[in-house]
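K.L.:
With the hints as constraints, model all of the structure from the sequences given.
Protein sequence lines correspond, in order, to chains A and B.
Following the working numbering, the numbering of the first sequence begins with 1 at its first residue and continues without gaps.
Following the working numbering, the numbering of the second sequence begins with 1 at its first residue and continues without gaps.
Don't take every hint at face value.
As the list claims (entries may be wrong) - DEER-style ranges, computed between Cβ atoms:
no.: 1; chain 1: A; residue 1: L100; chain 2: B; residue 2: A165; range: 33 to 39 Å
no.: 2; chain 1: B; residue 1: R250; chain 2: A; residue 2: E255; range: 45 to 51 Å
no.: 3; chain 1: B; residue 1: G155; chain 2: A; residue 2: P471; range: 35 to 41 Å
no.: 4; chain 1: A; residue 1: A54; chain 2: B; residue 2: G155; range: 34 to 40 Å
no.: 5; chain 1: A; residue 1: P215; chain 2: B; residue 2: D12; range: 52 to 58 Å
no.: 6; chain 1: B; residue 1: K323; chain 2: A; residue 2: E255; range: 49 to 55 Å
no.: 7; chain 1: A; residue 1: A54; chain 2: B; residue 2: R210; range: 31 to 37 Å
Think of the hints as simulated: they come from the structure by calculation, not from any bench.
For every residue, glycine included, the Cβ atom is placed at its ideal position computed from N, Cα and C.
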Amino acid sequence: MRAFADLFDRLDATTSTRSKVSAIADYLAAVPARDAGWAVFLLSGRRLKRLVGAAELRQWIREYTGLADWLFESAYAHVGDLAETTTLLLARREVAGRELELPLATLIEAHLLPLRGADEGTRKHKVMTLWQDLPLEQQFVFNKIITGAFRVGVSQRLLIRALHQACGIDETVLAHRLMGQWDPGAAFYERLVAADDGEADIARPYPFFLASPMPEDAGELGDPAQWIAEWKWDGIRAQVVRRGGQCFIWSRGEELMVGRFPEVEAAAGRLPDGTVIDGELLAWRDDAPLPFALLQQRIGRKSPGATTLAKAPVRLMAYDLLEAEGQDLRTLPLVQRRQRLAELLAGRDDMLLSTTVAAGDWQGYAALREQARGRATEGLMLKRRDSTYQVGRKRGDWWKWKVTPQTLDAILIYARAGHGRRSNLFTDYTFAVYDGDELVPVAKAYSGLTDAEIAELDRWIRGHTRERFGPVRAVEPTWVFELAFEGIHPSPRHKSGLALRFPRISRWRRDLGLADADRLEDLQRLLATPT
Amino acid sequence: MTAAADLIILDDHGLYCPLGDFHVDPWRRVPRAVITHGHGDHARPGMGHYWAEQSSLPILRKRLGRYAPLEGLAYGQQVRFGDVKVSLHPAGHILGSAQVRVEHGERVWVISGDFKRDADPTCAAFEVVPCDTFITEATFAYPVYRWPLARDVAGEIHAWWQHCAEAGRPAVLFSYALGKAQRILAELTHHTDQAVLLHGAMVDLVRIYREAGVDMLPTTPVADLGRKTSFAGRLILAPPSAAGSKWLRRFKNAETGFASGWMQIRGNRRRRGYDRGFVISDHADWDSLIRTIEECGARQVLATHGDTEILVRHLLERGLEAKPLRAPYGDEEDAGGDQGPD
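P.N.:
Written out as structure tokens, the structure reads:
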């Protein structure tokens, strides 16, 4: 654990990617495979779920330090991170010893995993014992692990670069081996860095190739004839894997969505073995997508019932073929992959093929893009005809060209402090519009202001708080902000009766007074207009 | 106790003593100002007459001008304002920093100014002054603030400096120019005797500390070095306002650090994009605040700036009389930008 805590400190002490890569590579080369396996697990953002609850952890640390509930909660709101608050407060109790040294794998396998399903007394005793025994320098990492919030600014790509530096295996191979579900441990790590690719896991998806936001000027892409365009569908990106007589649906977050979309699994079951398709899950009826809100109802359901299935039927909109007849097609040009995909799906109605749309020049494409909202899509995808299927977000061959967002002017009414690098700064805002004389909340937004604006608004909020509800502050309605959003739909759960999709702040409208802001009826009109 | 009987009240010019007709650390022009220390939010220009601890006078002269009407007092020396007796006592914050003891009849009130209890070789150690009412700062009034030994933190700074030197990089350490910079230079003498480079804003203040007999590492103003100087392996001290400035560009490939109590919280450091944060503060941490209030024996505590609500509620639960007495002292020392005066 000392080595892992040192690694954390090295990662935390630098903003340079190269230093981070070296720090991880040095660590992986130095520790036994079973520790390395767990380190890869944690650094790739995977979490040890259900070890202890956040509420019980708060209870225990209050007990351990003897602080009043409100004082602990104020400190937590001030720090903005439970593991960090816990660690800072632990230091208040002077304890002799605190010298227990456990290898990372032993800590996790022998001490933490058995906590799952153990009774509260056992869990509390174990956690308090480790608070007592582990050195203070290791407590932050320990608390991060048990709160399941271990993030150190290490992206998947950075981790893969470090693994490559440590073992020399090709980065694409490493990315592929890291996909999907695996049990960390010595065997896993040895396979991960093994030279020859053994038996491929039949469920394993390919790393997703992600499009980048379009540059300002489409003309920069050169000859339009080198590009194909499709609608940018507003659903859930997914990879459907059909191998060994089984089907697997993977989300872009590498989550296996078993049982959630039985109609898509049934359709995938009719594909030939050795097929992998990249596409978008959409709620779909007849010839058109249903609102995203309906798909959203499906996302949370682990095994949807007949009513839900009938109300929000889901289809796969296929747009790329990554594997056919067990062969990896990713290095073929896109047009050839699409050709084979079209042949594969010909005559089927249980999966949709994302058709291409054509225009002679960039102006024509710009005009098509303007029609996107009318077709319930988010814009256009532009893909280079001969592009291979790459790994991650590589600029150059795939672009997403979204329609200009809709906007409204709304009034800031509540603020609360953020977490992580925004801790003890008021950065999470709630905005409202007038319904008659009453302000009703319509959106929460966290992003869009510059650091300087955030700092200024933070000071203003502190000086103009009207009321406090725990960590939330109600402020005097004063400032109007322009919010951009991607769509609006009815929502009986909200007081305003509607919900915005992807709201974010586009401008601080210091020039507008409260009377200039949009009103609820303006939004209701947008709702009525078919989008 | 009624308002009329209060020895110190808040008026719109500052903390005011009606019986003695003087202000403490006023923020608007008044005829008589008793100053706790030389930071800009406590010592403002334009007052008719100033009283301050004598070792702070060079600092005040630099801030307020050579002809400012300053009167120096030794620690413990008593002066009278009408029937009110006033004396200054060490606050342990920076060179010449003082608590203000105000006595009238049987009553004694103490205004802490900014203070700390931690060891600091650059100024006189905090003195516990028994009183009925203690008017305190509350800059770091959360139990998560608990300062490590400054000497150990200086060791971390030194190790970081060496690490940068091995990588052939300059190490730029941001810290407040008055107090913090000199304390770091003094604590670093336990670890090295190498010279440190200074930003222009620190040069005079370091000289003032040297003239007061404070032992610090040798220093060189960056401005004295030629254009072609290599800064690899050098430690450069600069005020937080220099972060992101053009001045900073000359230190190619530098690592940056920030020395402040706020660095106790990881999010503060990450947000500002410093490579390293060093936890060193000239304010009282939570334990020091509580201990000081206990030791001075005050029955009433008024909290002027910082997280006053937290401290007030905690003291009320412990059976003391406590309330906020909000004064607009920004936390100039440790703020470094986006930490508001809240």
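K.L.:
Each hint needs a verdict: does it hold in this structure or not?
P.N.:
A quick look at each hint next to the structure:
The beta-carbon spacing between L100 (chain A) and A165 (chain B), approximately 35 Å, falls within the hinted interval of 33 to 39 Å. Taking the beta carbon of each, R250 (chain B) and E255 (chain A) are about 49 Å apart, inside 45 to 51 Å as hinted. Our hint of 35 to 41 Å for G155 (chain B) and P471 (chain A) holds, since their Cβ atoms are close to 37 Å apart. For the pair A54 (chain A) and G155 (chain B), the beta carbons lie near 36 Å from each other, so the given range of 34 to 40 Å is met.
Restraint check, P215 (chain A) to D12 (chain B): a C-beta distance of roughly 55 Å satisfies the suggested window 52 to 58 Å. One distance hint, 49 to 55 Å for the beta-carbon pair K323 (chain B) and E255 (chain A), holds here, with the actual separation near 53 Å. Our hint of 31 to 37 Å for A54 (chain A) and R210 (chain B) is violated, since their Cβ atoms are close to 52 Å apart.
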